[in-house]
Structure formats: structure tokens, C-alpha cells
Amino acid sequence: MNRVENVASVPSPAQAENTISMPMGLLGFERIKEYVLLADPAEEPFLWLQVSNDANLAFLVVAPQPLLPSYKPEISPEDVAFLGLDSAADAAVLSIVTVRGPNHATLNLKGPIVLNRRTLVAKQVIPANAAEFSVQHPLPVIQP
Amino acid sequence: MLVLSRKLNESIVIDGHIIVKVVRVDGDVVKLGITAPMEVPVHRQEVYEEIQKNNLEALTQGRAAVSALPRVPRPKGDADTGVWPRNRNTAKKQ
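If you read the protein sequences in the order shown, they are chains W and F.
The number in the numbering used here is simply the position in the first sequence, starting from 1, with 2 added.
The number in the numbering used here is simply the position in the second sequence, starting from 1, with 14 added.
No lab work stands behind these hints, which were simulated from the structure alone.
For each residue, glycine too, the CB sits at the ideal point set by N, CA and C.
Derived DSBU-like pairs (lysine-lysine); straight-line CA-CA distance at most 30 Å: (1) F/Lys21 / F/Lys45; (2) F/Lys45 / F/Lys67; (3) W/Lys35 / W/Lys74; (4) F/Lys67 / W/Lys74; (5) F/Lys45 / W/Lys125; (6) F/Lys45 / F/Lys35; (7) W/Lys74 / F/Lys45; (8) W/Lys125 / F/Lys67; (9) F/Lys67 / W/Lys35; (10) F/Lys21 / F/Lys35; (11) W/Lys125 / W/Lys35; (12) W/Lys74 / W/Lys125; (13) F/Lys35 / W/Lys125.
Distance windows between CB atoms, simulated: (14) F/Glu24 / W/Gly86: 31 to 37 Å; (15) F/Leu46 / W/Asn105: 42 to 48 Å; (16) W/Pro104 / F/Leu46: 43 to 49 Å; (17) F/Leu16 / W/Glu32: 21 to 27 Å; (18) F/Leu46 / W/Val82: 18 to 24 Å; (19) W/Ser72 / F/Asp29: 38 to 44 Å; (20) F/Arg85 / W/Ala83: 35 to 41 Å; (21) W/Glu36 / F/Asn23: 40 to 46 Å.
Model the full structure from these sequences, guided by the hints.
Take a look at the structure:
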């Protein structure tokens, strides 16, 4: 069963959240090391990566692979070691979304966030094949 | 800026624990080997700046500040998006 659907079945609160530790921060936000990953079934498949002590600072994120099946970032052995990833199944990849207008957004495929789903430690990584990817990849959307 | 001359296979030491070594010189390309602790991020400057700029653009003033999310196609089937954390998933305890 879909995990996100599991979240939807939680009676109260409707939203699910997990504290994510980012020891290196995001690039340009190195001092912010603790985030909350918020999931709301109404906002699926998007999630919010919110600064843990400031609800007014948040990044919209999405798992890119279901939307872009050919996207295969190669995570460096150093990052795998840093995140303590024992298997690929423990890793979740998230892309930061930049909303640029009504139903118009881009994905950062060059600097994905890799999350260890067991330890909830995450890092914004630069994949070994980053040169293939854009920081402003158009998000596939349904036109009305 | 401190400028040092180094030959092939020579190194510099920064702060006693970061070593930058000239591994290869080929025309106008210099290959550097960097040995640094895991918690010291090392990036190509132009890539770092590109991602940093994008992060700044992507930052919102919270979920309330984004009125309408983009409408994205649903993946077919009941695929596990692989995103939600394992083991510590509060939903799984229900």
C-alpha cells in the first residue's frame, strides 16, 4: 500500500510530520540544520520542508522519479557514506520546487535532497552526473 | 588571496586537516585531489552558486504563502513514491 495513503488514514492530526536533520544544511542555508517534513494528503504528491522553528520559511519539495521516470541521479560514495545508506531502498530523493506562476513550476534536479528514511538524516547532494541536469527543469503539469 | 606555486603531485594543507593535491595538469585543465573530513563540503564554485541561487528563489514564506500548487499528473497504479520515512512513520503505528 502506498505510504502516503497510510498517512491519509491517520485520524488525527490529518497532517503527518517528521523532523529531518540536515547536518550540512541546504546550499546557501548552511546554518539551518533542522527541518520538518510535512505531508498533507490534500497536497499530494508535494511535501513541505519547513525550517523547524520558523513556519514562515519553507521549501516545496516533491519526489521527482514518479514524475520524471528517466531521472537517475548518481549519488557519490561520499554522500552514501555521509548519510549512512545501507541500501537504495533506504534512500528517498526529493527535488526542491520553485513555483513561478499559476500552474508553472521548476524542479531542481541538479541539487536533489537525499533522505535516509531510517535515520531521517538528509543532505542536499550534487550527483556525480549533475552536468546532465538542470536546476530549473520544468515540472510536468496538467494543462486545464 | 594567497597564491602558492605547486608542481604535479605536490599538495597544500589547509587548517591541518584538508589536503589539496595537484593530481594532473593537462593544458589548461588542472585536476585536484581533495582530502577533507566528511563534514566539510567541497563543491565546484559555479555549481555551488547555481544551486544556492535556486534555493534562494525556491524559498517560500511558508505553505500559506503558496495559494495554488501546480497540477501534476498522477503516476499510474498504486506506486510507492519512496518518500515517506521508514520505521519512524507515525502512520504505520495506527
